[in-house]
Amino acid sequence: MSHRTRQLKVSSLARVEGEGALHLTVHNGQVQRAELNIYEPPRFFEAFLRGRAYTEPPDITARICGICPVAYQTSACNALEQACGVELDPPLAALRRLLYCGEWISSHALHIHLLHAPDFLGYPDAITLAKDHREIVERGLELKKAGNAILELVGGRAIHPINVRVGGFYAVPAPADFVALAEQLRRALDQAIETVRWVAGFEFPDLELDHELLAAWEPHRYAIERGDLRRTTGGVFPPAEFPEHVVEEQVPHSTALHARLDGRRYLTGPLARYTFSSSSLSPLARQAAVEAGLGAECRNPFRSVVVRAVEVVHAVDEALRLIGDYERPARAFVPVAPRAGTGHGVSEAPRGLLYHRYELGEDGLIRSAVIVPPTAQNQPAIEEDLRRVAAANLHLADAELTALCERAIRNHDPCISCSAHFLELTVDRT
Amino acid sequence: MGKPTLAVWKFASCDGCQLTLLDCEDELLALAGEITIAHFLEASSAVVPGPYDVSLVEGSITTPADERRIHEIREQSRVLVAIGACATAGGIQALRNFADVREFTSVVYARPEYIDTLATSTPASEHVRVDFELRGCPIDRGQLLETLCALLAGREPATPRTSVCTECKRRGLTCVMVADGTPCLGPVTQAGCGALCPAYRRGCFGCFGPMAEPNVPALLPLLRARGMSQGEVERVFATFNVAAFGRGSHDEPSH
Amino acid sequence: MIPVPHRVANRVTETHDAVTVCLEPVRDALPRSRPGQFMMLYAHGVGEVAISVSGDPSTSDGTTTHTIRAVGAVSRALHDTPPGAVLGVRGPFGTGWDLASVRGRDLVVVAGGLGLAPLRPVVLAALADRASYRHVVLVAGARTPREFLYRHQLNAWAWHEDIDVCRTVDVPGPGWAGGVGFVTEPLAALDLEPAGTTALLCGPEPMMRFCARTLQGRGVAARDIQVSLERNMKCGAGQCGHCQLGPLLVCRDGPVVTYDVAGPLLKVREL
Amino acid sequence: MATVVLDLDGLDRLIRVLGERGYQVIGPTVRDDAIVLAEVDSVRCLPAGWGVDAAPGRYALRRREDGALFGHSAGPQSWKRFLHPPRRRLWSGDFEPDHGEAPRYAFLGVRACDLAAIGVLNGVLGRGAFPDESFARRRRQVFVIAANCTEPGGVCFCASMGTGPGATSGYDLALTERIDGGTHHFVTEAGSAEGAEVLALVPHHEAPASEVRAAAGAVEAAAGAMGRQMPPGDLRALMRESRESPHWEDVASRCLTCANCTMVCPTCFCTTTEDVTDLSGQHAERWQHWASCFELDFSYLHGGSVRTSGESRYRQWMSHKLGTWHDQFGTSGCVGCGRCIAWCPAGIDITEEAAALARYAGQERS
Ligand SMILES: Cc1cc2nc3c(=O)[nH]c(=O)nc-3n(C[C@H](O)[C@H](O)[C@H](O)COP(=O)(O)OP(=O)(O)OC[C@H]3O[C@@H](n4cnc5c(N)ncnc54)[C@H](O)[C@@H]3O)c2cc1C
Ligand code: SF4
Ligand code: SF4
Ligand code: SF4
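From first to last, the protein sequence lines stand for chains A, B, C and D. Sequential numbering of the first sequence, starting at 1, is according to full-length UniProt numbering. Sequential numbering of the second sequence, starting at 1, is according to full-length UniProt numbering. Sequential numbering of the third sequence, starting at 1, is according to full-length UniProt numbering. Sequential numbering of the fourth sequence, starting at 1, is according to full-length UniProt numbering.
No wet-lab data here; the hints were simulated from the structure. Accuracy of the hints is not assured; some may be wrong.
What the hints assert, rightly or not - Which stretches of chain B does chain D cover? Using the computed rule of at least three CB atoms under 8 Å from a CB of chain D, they are:
1. 17 to 31
2. 80 to 89
3. 182 to 192
4. 227 to 241
We put the beta carbon where it would ideally sit given N, CA and C, even for glycine.
Work out the full structure: start from the sequences and follow the hints.
This is the structure:
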């Protein structure tokens with residue numbers, strides 16, 4: 001038999017946030033390398049945060065990612081408030097959670113309808129999908145708009161909100177401002193439930209992953225804007241212990257650092273959250289999950305689209321609850337005086353755990369900053385998924401294998417700008 | 001004649017400006033009806049080869065490969081619109097222009113030798129001819145739609161180069177500088193956001209970059225009189241549009 | 001004030017970037033304009049700009065004629081509008097040339113480039129009522145011979161004994177028989193009776209200032225010099241404020257004003 | 001009708017009567033640390049007990065010792081925003097004018113300076129060969145309740161502009177607020193037939209001569225208590241003579257060219273237009289919004305702007321207000337409300353700049 005060498009280059013994996021490439025080497029029917037090659041040019045946020053004031057990270061780190069700026073703002077605030085020894089007034093904390101719900105709804109609706117669903121239905125994008133199923137895409141866009149409406153009202157704008165500050169907000173809405181929004185969210189709740197039903201009907205390739213899971217967790221509610229850290233192999237630890245467990249390392253094929261949990265690959269994101277907190281979902285969300293055939297936990301990454309849809313139901317429901325309970329806080333922010341020290345902050349970005357650490361000087365200037373975004377944490381796990389998906393499907397033709405690999409990546413809604421850009425897939429078969 | 005084609009390109013950025021296009025929830029499908037979205041990787045895996053009628057360029061040029069790519073994009077584009085502070089001013093990552101990149105790299109990456117990056121972060125206009133610039137970090141959705149509609153109609157997009165204060169006052173907001181003593185960059189910042197920050201009783205921090213002929217030196221004493229330290233004054237100008245505001249904030253030695 | 005729809009009835013190419021269009025009302029006609037007045041022309045979805053009336057003032061069929069040079073988005077769109085298509089028109093606005101005061105006197109018309117557009121109606125009016133004037137002189141300048149508006153008409157006038165035509169260009173081409181240089185040169189050489197002369201000027205501001213200075217140097221009184229001014233205009237109706245030049249609202253008090261008024265204002269930098 | 005007295009209930013009733021007659025009543029209310037104009041439906045909306053400390057570049061609410069409703073000077077907004085809105089559609093589609101139902105406003109608490117400003121605005125937009133229909137209609141339908149000033153603010157100078165502190169004409173009703181020995185009431189006069197008609201529907205009693213005298217006296221005293229004044233002399237001539245004054249450069253070094261002064265000015269009328277189309281390009285509209293001579297593009301001609309320097313833009317503003325307005329519209333463009341002084345972030349004071357110009361001009365003459 002003659003040796004056949006096939007070089008497959010699929011430039012550009014679309015419908016992910018950012019740019020990177022995938023390198024797959026298959027030798028004698030064995031997957032040798034499966035690398036998610038992230039080459040997004042580095043933007044050096046941690047470097048230039050040094051010397052900035054403790055008040056600045058919410059605005060500055062938001063610019064790391066246009067899709068999950070609230071996650072950055074919130075993790076930054078959590079870390080800085082901890083460093084300065086400040087607790088939010090409960091109504092302000094509730095408002096922060098509401099804002100974050102907006103980001104979950106918007107980001108998840110975007111990923112489900114515009115980025116991920118076309119994979120399951122065989123379309124290149126949502127616009128082509130809309131030619132056949134306009135009402136579905138419109139529903140997705142409306143859902144996304146409802147999330148943005150929360151971001152715009154509470155945060156000022158959907159991308160890089162301007163109303164977030166360490167200690168709270170610059171201005172807080174009046175209860176009357178929420179009337180139209182609540183109306184919109186009630187419609188969104190129905191749309192979110194329909195979305196769960198819709199995605200539950202997709203066909204899911206078999207894949208059970210065995211990654212360790214890590215997510216923020218709170219005892220009695222679905223952790224979103226804060227929490228301790230919970231892992232599969234037992235135990236809960238506070239954000240301040242994150243550096244003891246998670247170590248980042250550099251790999252040659254990526255401008256993103258790879259994180260390992262006690263030396264092992266692990267996964268953060270919807271599957272991890274759901275696995276730990278499914279019992280804390282709102283009744284409506286739980287019911288939707290059951291109807292969609294989800295158990296107490298979910299370990300098939302292709303089904304993450306269902307988990308996201310369930311999380312949208314929860315976020316809309318939660319937003320409505322928070323609005324229902326809303327009373328205008330007595331003050332828009334808790335005054336925060338700087339002090340020397342270190343603070344750690346986590347929150348659950350739509351695509352996974354986002355950790356910030358700041359070391360402040362007495363003058364309130366930042367001495368050092370560390371940011372560990374979800375995609376950097378997930379990169380080893382994504383590569384493992386790729387390896388397994390490729391190994392199990394080597395019989396497929398190049399085009400199909402490529403498409404499947406791309407889907408395996410999109411399962412994790414990677415946010416490459418957070419860590420790094422655009423995927424170019426190269427399969428070397430020797 | 002076929003439908004005009006639109007391409008969206010990304011350089012060093014947060015993706016927020018191109019996301020603004022997807023945030024046009026009410027217009028997205030109508031837009032797709034009027035133009036062919038020929039290249040928009042964030043949204044579609046279908047790619048139509050160039051040339052393109054309109055290219056939206058997001059992000060700043062930070063690597064030798066970027067430098068080559070922006071020229072290729074220019075050659076393929078009839079109209080090139082730079083969108084956002086990164087593409088129009090180098091963005092926040094242009095802070096490196098005033099620092100030592102090797103040192104920056106070593107702070108973020110343990111093994112800097114893997115990283116291939118230019119010493120500077122520069123706007124598209126430093127490399128190629130740019131037909132329009134949309135300011136903002138991020139850009140404003142209304143301005144993006146106006147620009148697309150204007151380009152389709154052959155009109156000059158209405159993106160005024162005047163101060164944020166004009167929008168602030170048209171909205172009927174009360175000036176935060178005068179009434180609250182809050183430092184505000186509105187008087188030197190280009191309009192376009194709709195005076196967002198003053199609407200939340202926050203001083204403008206200049207994310208739309210300098211307006212036409214700003215009188216920055218005249219603002220500095222006013223900021224200090226409202227409680228900003230010299231360091232704060234310098235930092236507020238040295239953020240999202242650091243390269244555009246330049247070092248104009250240094251009217252006196254800081255020590 | 002709402003634009004009134006007009007159809008492009010006729011479109012004549014004047015130069016590489018200028019056309020003359022004749023617009024006929026789709027329904028209602030606008031009031032008749034006087035030489036020197038202007039209209040606001042609107043191109044669908046693109047915008048609206050001030051354009052002088054350049055047609056024959058004796059036409060009474062409700063049409064209005066304009067000469068447009070494509071310099072920006074709106075003027076380009078107007079320039080490119082094909083016959084049959086509809087434009088919006090508001091007007092007429094502003095003061096016209098004061099021809100009544102020229103009766104029995106010498107009339108000197110000086111046009112630079114596109115400045116000939118608002119002056120053509122004056123020449124046509126003077127020729128139609130030739131007996132009312134003594135000498136009638138037209139001095140027209142352009143960058144190159146090919147950039148003269150109304151070339152055939154200029155040629156015809158040049159042969160006409162009722163009017164002296166003097167053409168000058170900055171850059172002559174092969175076979176150019178006219179003058180070379182600034183319009184002030186023929187103006188300086190003109191056989192003038194200063195006290196009995198009225199001059200009408202239109203062209204770039206520096207040109208008008210130099211011409212006025214030349215004429216004044218020769219004894220023509222400032223109030224016997226009329227100029228047509230140009231300022232940014234949004235409404236044409238004296239309400240947008242853009243066209244101010246000191247005390248003048250150019251759209252209302254101008255565009256045609258006498259030089260005793262305009263001269264001192266044009267001297268002030270950035271007024 | 002003779003001068004009458006309304007008490008707080010009477011004023012409340014007045015607001016309701018106007019509402020019943022189809023007016024949208026606009027009056028002062030407190031929002032965002034300032035007294036702004038908004039719809040009011042009862043006296044409870046009015047800023048009882050709020051006063052204002054205003055100085056160049058500074059404005060702060062202050063608690064008063066009494067419960068006065070009109071004891072504050074001009075706020076950041078003027079009535080201009082209702083008669084000549086900041087943004088308005090001129091027409092759409094096939095040149096369909098955007099008439100709609102013009103709102104019928106009742107303005108409550110219009111100061112004499114602002115009343116004068118409405119008159120000045122009317123001189124620009126309401127008269128002339130091509131009146132602005134939208135403005136003219138709004139203006140015609142407005143019901144004006146003037147509030148005479150008894151307590152000018154720190155940046156007021158209406159007395160030196162001859163526009164206040166008392167309203168003399170152009171109103172339907174005029175109030176003078178009086179708080180005297182535990183009573184809080186309004187000495188009220190009708191200035192039009194409709195004013196009298198409305199007044200008749202509101203509980204009131206005839207004003208004793210002493211009250212009328214006291215009210216007039218308070219207004220008169222206010223004239224002597226202005227925060228500042230324009231320099232005496234012919235301002236129009238001063239502006240003409242000062243076109244080349246070296247002083248403009250000095251102002252320009254402080255002026256941000258931010259345009260706040262023009263936006264808050266109750267008479268600055270300038271606008272610019274915007275043409276818009278939808279994505280299909282089929283539907284077109286034309287909008288108008290406030291513009292300012294401080295904007296670089298304001299004087300744009302093909303190839304560049306006429307007024308690029310800060311000097312020339314500040315000069316245009318001030319010369320127009322105090323000088324060329326007379327040439328164009330037969331009055332001064334400045335009514336002395338002081339808004340441009342308070343709301344200039346740089347605290348540039350038109351009265352001081354006028355005084356400085358006068359000093360320069362004086363030096364030149366001598
Ligand atoms: C009274 C008057 C008569 C005119 N007559 C003619 C004529 O007969 N033929 C002709 O071709 N042109 C004439 N112009 C000039 C014409 O109005 C401008 O060339 C045109 O406004 C340029 O607009 P634009 O959008 O094509 O160009 P841009 O340069 O893109 O202009 C943008 C905007 O600036 C303003 N603007 C720019 N240049 C001028 C200008 N020169 N005058 C006024 N506003 C300007 C307009 O508001 C325009 O919308 C006249 C101008 C005035 C004031
Ligand atoms: S708040 Fe800021 S933007 Fe608004 S008027 Fe004041 S200085 Fe200008
Ligand atoms: S001062 Fe300026 S903005 Fe105000 S009316 Fe005059 S020109 Fe217009
Ligand atoms: S005078 Fe003051 S308010 Fe007016 S433009 Fe200058 S700085 Fe702005």
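Results of checking the hints against the structure:
Beta-carbon proximity to chain D at under 8 Å applies to 3 residues in the region 17 to 31 of chain B; the threshold of 3 is reached and the given coverage holds. Coverage of the region 80 to 89 of chain B by chain D is violated [criterion: at least 3 residues with CB-CB distance below 8 Å; count 0]. Given as covered by chain D, the region 182 to 192 of chain B passes the check, having 4 residues with a CB less than 8 Å from a CB of that chain where 3 are the minimum. Chain D is given as covering the region 227 to 241 of chain B, and this is violated because 0 residues of the stretch bring a CB closer than 8 Å to a CB of that chain, at least three being needed.
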